[in-house]
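Engineer: Protein chains in written order, with the working numbering: chain A, 2 to 115; chain B, 2 to 114.
No lab work stands behind these hints: they were computed from the structure. Using N, Cα and C, we set each Cβ at its ideal position, and we do this for glycine too. Check the hints yourself; a few may be wrong.
Said to hold, decoys possible - Distance condition first, Cα-Cα at most 16 Å in a straight line; then the derived EDC-like pairs of lysine to aspartate or glutamate:
hint : chain 1 : residue 1 : chain 2 : residue 2
1    : B       : K43       : A       : D39
2    : B       : K3        : A       : D60
3    : A       : K72       : A       : E25
4    : A       : K71       : A       : D39
Claimed, not checked - Computed beta-carbon distance windows for the label pairs:
hint : chain 1 : residue 1 : chain 2 : residue 2 : range
5    : B       : L47       : A       : F89       : 12 to 20 Å
6    : A       : Y11       : B       : G55       : 22 to 30 Å
7    : A       : F89       : B       : W94       : 36 to 44 Å
8    : B       : R42       : A       : K72       : 26 to 34 Å
9    : A       : K72       : B       : Y40       : 26 to 34 Å
10   : A       : D55       : B       : P15       : 34 to 42 Å
11   : A       : K72       : B       : E46       : 45 to 53 Å
12   : B       : G10       : A       : T113      : 39 to 47 Å
13   : A       : G17       : B       : I19       : 45 to 53 Å
14   : B       : P82       : A       : P108      : 35 to 43 Å
15   : B       : R42       : A       : S74       : 18 to 26 Å
16   : A       : S74       : B       : E6        : 30 to 38 Å
17   : B       : S69       : A       : T21       : 43 to 51 Å
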Amino acid sequence: DGGITQSPKYLFRKEGQNVTLSCEQNLNHDAMYWYRQDPGQGLRLIYYSQIVNDFQKGDIAEGYSVSREKKESFPLTVTSAQKNPTAFYLCASSTQGYPYNEQFFGPGTRLTVL
Amino acid sequence: QKEVEQDPGPLSVPEGAIVSLNCTYSNSAFQYFMWYRQYSRKGPELLMYTYSSGNKEDGRFTAQVDKSSKYISLFIRDSQPSDSATYLCAMSWSGGSNYKLTFGKGTLLTVNP
Numbered sequence: 002d003g004g005i006t007q008s009p010k011y012l013f014r015k016e017g018q019n020v021t022l023s024c025e026q027n028l029n030h031d032a033m034y035w036y037r038q039d040p041g042q043g044l045r046l047i048y049y050s051q052i053v054n055d056f057q058k059g060d061i062a063e064g065y066s067v068s069r070e071k072k073e074s075f076p077l078t079v080t081s082a083q084k085n086p087t088a089f090y091l092c093a094s095s096t097q098g099y100p101y102n103e104q105f106f107g108p109g110t111r112l113t114v115l
Numbered sequence: 002q003k004e005v006e007q008d009p010g011p012l013s014v015p016e017g018a019i020v021s022l023n024c025t026y027s028n029s030a031f032q033y034f035m036w037y038r039q040y041s042r043k044g045p046e047l048l049m050y051t052y053s054s055g056n057k058e059d060g061r062f063t064a065q066v067d068k069s070s071k072y073i074s075l076f077i078r079d080s081q082p083s084d085s086a087t088y089l090c091a092m093s094w095s096g097g098s099n100y101k102l103t104f105g106k107g108t109l110l111t112v113n114p
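The shape of chain A in the complex, shown without the other chains (with noise of 0.2 Å):
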């Protein structure tokens, strides 16, 4: 079956620990993306990337940090400098020719920092 997985599903960190949070997609889709989910927030960008090796900074991508080595992955890190990491962390992609930006989501990961 073709779809976005992201691990883990619940992560729970120290202060001052970085954590790596997993994507991988089996979409064959070029872009893929990284929002943040707060309650009453709604879904806010913080990387996107539209090809291998190459990805922008979204509208909160401080104390944040990704790469993209290979299409079907892009891993999120969540550095010690994000002052407020608890969030519910939802992973996407899509592909390029369509006329709009349908992105197809993964289940999410939910980070607590304690």
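Guided by the hints, dock chain B onto chain A, whose structure is given.
Structural biologist: Below, chain B without anything else, positioned relative to chain A:
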């Protein structure tokens, strides 16, 4: 003024009711309008999309876009308990390499049996 405004609710209706969900936006460049449904603790899934102004119907769901008023709506007829979810509007413009979607904050809907 935020680019996309959406009443977060919560909205609670009895089963069988007609539900109206709405978003307003400020950026006249938006051409593609989408509604995503998100069940609790899950990722959003695309429900409907509409290009420019007009209506689009899919079963019990109707999406409307009024570009002159910068207003979009999603109607759910004969609502069911399984429709209970958060509904997010999203918008984008075409052309070039713009891949960004702008989301509303989402409206939490509960349909009571």
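Engineer: Take the hints in turn and mark each one as holding or not.
Structural biologist: Now for the hints, and whether the structure bears them out:
{"no.": "1", "hint": "K43/B with D39/A", "verdict": "holds, 13 Å"}
{"no.": "2", "hint": "K3/B with D60/A", "verdict": "holds, 13 Å"}
{"no.": "3", "hint": "K72/A with E25/A", "verdict": "holds, 9 Å"}
{"no.": "4", "hint": "K71/A with D39/A", "verdict": "violated, 29 Å"}
{"no.": "5", "hint": "L47/B with F89/A: 12 to 20 Å", "verdict": "holds, 19 Å"}
{"no.": "6", "hint": "Y11/A with G55/B: 22 to 30 Å", "verdict": "violated, 42 Å"}
{"no.": "7", "hint": "F89/A with W94/B: 36 to 44 Å", "verdict": "violated, 27 Å"}
{"no.": "8", "hint": "R42/B with K72/A: 26 to 34 Å", "verdict": "holds, 28 Å"}
{"no.": "9", "hint": "K72/A with Y40/B: 26 to 34 Å", "verdict": "holds, 29 Å"}
{"no.": "10", "hint": "D55/A with P15/B: 34 to 42 Å", "verdict": "violated, 50 Å"}
{"no.": "11", "hint": "K72/A with E46/B: 45 to 53 Å", "verdict": "violated, 23 Å"}
{"no.": "12", "hint": "G10/B with T113/A: 39 to 47 Å", "verdict": "violated, 25 Å"}
{"no.": "13", "hint": "G17/A with I19/B: 45 to 53 Å", "verdict": "holds, 51 Å"}
{"no.": "14", "hint": "P82/B with P108/A: 35 to 43 Å", "verdict": "violated, 22 Å"}
{"no.": "15", "hint": "R42/B with S74/A: 18 to 26 Å", "verdict": "holds, 24 Å"}
{"no.": "16", "hint": "S74/A with E6/B: 30 to 38 Å", "verdict": "holds, 35 Å"}
{"no.": "17", "hint": "S69/B with T21/A: 43 to 51 Å", "verdict": "holds, 46 Å"}
Of the numbered hints listed earlier, those contradicted by the structure are 4, 6, 7, 10, 11, 12 and 14.
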